[in-house]
Amino acid sequence: EDKVVQSPLSLVVHEGDTVTLNCSYEVTNFRSLLWYKQEKKAPTFLFMLTSSGIEKKSGRLSSILDKKELFSILNITATQTGDSAVYLCAVKPNTGNQFYFGTGTSLTVIP
Amino acid sequence: GAVVSQHPSWVICKSGTSVKIECRSLDFQATTMFWYRQFPKQSLMLMATSNEGSKATYEQGVEKDKFLINHASLTLSTLTVTSAHPEDSSFYICSVRAAGVLHEQYFGPGTRLTVT
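Chains U and X, in that order, are what the protein sequence lines are. Read left to right, the first sequence gives residues 1 to 111 (the working numbering). Read left to right, the second sequence gives residues 1001 to 1116 (the working numbering).
Hints were generated in silico from the structure; no laboratory data involved. Beta carbons are placed, not taken as given, at the ideal position from N, Cα and C, and that holds for glycine. One or more of the hints may lead you astray.
Said to hold, decoys possible - Facing chain X, from chain U, some residues (calculated, C-beta under 8 Å): (1) Pro-8; (2) Leu-88; (3) Asn-97.
To be verified - Every beta carbon over 10 Å from chain U, so not counted as near; a handful from chain X, in silico: (4) Gly-1016; (5) Thr-1032; (6) Phe-1034; (7) Lys-1066; (8) Asn-1070; (9) Arg-1097.
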C-alpha cells in the first residue's frame, strides 16, 4: 500500500532555531515529491523534488531528496513566527492523478 | 502563478440540506480537478478526481451519490454535498492540474463546511 509518513507530528521551537522536517515514503513508481506549507487555508507550494541529492533552496527553506533511502527533508533556518504552519509532504507516482499526502508536521515558532 | 478560487469560503447548513461548492480555475483551462477533504489536525484526503466532460472518479470509501461532482467546463468544477450530516463538516479543498504541468497542482483556498 502506498503511503507517506512525516515526522515529527508536531514541533515547537524558538525564533532563530533551525528545524528539520522529515518525510519518508513507500510509493510505487515514484515520480516526484512535493512540499507544501498550510496556514489555516489551503496549502501553498514550496518545492518539487524529482532527483536525488539536488538541494532546492528558497530563502531560509531548503529541501533534498534521497530516492535510495526513500525520504526527503525540509530544513528551515533562523525560524520566524511566520513559519508557524503545517508542512505537508506529498508524493506523485508516475501513473494516475493521485498525490499521496502525509499527515503533516505542525510547526510552532514562539518568539 | 495559477489562481484557483472556491466559493463559498465558509458555509453553515442544517442537517439534511444540500450544499454546492464551486471551484474555478481563473488563469488557465483545467482538464483535471481534484477534490480533497481535510478534517481537523489531519492531512488532505483525496475524495475524487473530476475530469472535464466525463464522470468523476471517486476514491474508495467516498459515496458518489452523496458527493456529486460536475465538471461541465474547463474552468469550473462543482462539488455538491447532498443530505449533509454533521459528520460531513470538514474543510473541502479543490486543486487544479494544468495541462502541460505534470506534477504541480494548484490549490484553491478551501471551503469550510459546518453542518448543524
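Which numbered hints turn out to be false for this structure?
-> 1, 5, 6 and 9
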